[in-house]
Amino acid sequence: MAEDIKNRYSDSELAEFRALINEKIDKAQAHLELIESAYKNDSNNGTDDTSPTFKAFDEGSEVMSKETASQLAIRQEKFIRDLKNALIRIENKTYGVCRVTGKLINPERLKLVPHATLSIEAKNMQK
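Start counting the sequence shown at 1; every next residue gets the next number (the working numbering).
Be careful, since some hints might not be right.
Below, a list of computed lysine-lysine pairs in the DSS-like style, where the Cα atoms sit at most 25 Å apart [as the list claims (entries may be wrong)]:
hint: 1; residue 1: Lys27; residue 2: Lys111
hint: 2; residue 1: Lys66; residue 2: Lys27
hint: 3; residue 1: Lys6; residue 2: Lys78
hint: 4; residue 1: Lys40; residue 2: Lys6
Computed spacing ranges between beta-carbons, pair by pair [stated by the list, open to error]:
hint: 5; residue 1: Arg109; residue 2: Asp11; range: 19 to 25 Å
hint: 6; residue 1: Lys127; residue 2: Leu34; range: 16 to 22 Å
hint: 7; residue 1: Lys103; residue 2: Asp82; range: 16 to 22 Å
hint: 8; residue 1: Glu33; residue 2: Glu67; range: 14 to 20 Å
No wet-lab data here; the hints were simulated from the structure. For glycine and all other residues, C-beta sits at the position ideal for the given N, C-alpha and C.
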């Protein structure tokens, strides 16, 4: 029953979450760099000598994939920002505390969604 009255994660638990989040930030940064390099890649894919019709389709496709890459980059930047905010909560020792119920968020949920600020209970209340 001591688990029920626990109102924050221990320093060692927070250290484990910090390591997990830092690892996720590194992977997310690498992914963002890939997206940005794809977005900034101005190669013409060798369509110079092909028919004008194909080139028009290819350019349309390129514009669409740049838009998609831009949206992916924005999402990735938000994910990184959310992870960095989670690190701040670790420093403040408020990490893993649901902002609605004040209860601890299940550690399994935090391993899957380390930037979560809501428990499943609170998330379900929003629906």
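Cβ separation of Lys127 and Leu34, checked against the hinted range 16 to 22 Å = Because 34 Å falls outside the window, the suggested range is violated.
Is it true that the CA of Lys27 sits at most 25 Å from the CA of Lys111?
Within the cut-off at roughly 15 Å; holds.
Holds or violated: the 14 to 20 Å window for the beta-carbon distance between Glu33 and Glu67?
Cβ of Glu33 to Cβ of Glu67: about 19 Å, so the range 14 to 20 Å holds.
Original post:
Between Lys103 and Asp82, does the C-beta distance stay in 16 to 22 Å?
Top reply: holds, 20 Å
> Holds or violated: are the alpha carbons of Lys6 and Lys78 at most 25 Å from each other?
Replying inline: Violated. Lys6 to Lys78 sits at ~31 Å, over the 25 Å cutoff.
Between Lys66 and Lys27, is the straight-line Cα distance small enough, at 25 Å or below?
Distance of about 22 Å is within 25 Å: holds.
Quick check: does the Cβ-Cβ distance between Arg109 and Asp11 fall within 19 to 25 Å?
This hint holds: roughly 20 Å between Cβ atoms.
Verify the proposed pairing of Lys40 with Lys6, using a straight-line Cα cut of 25 Å.
-> violated, 49 Å
Consistency with the previously given hints fails for numbers 3, 4 and 6, ordered from lowest to highest.
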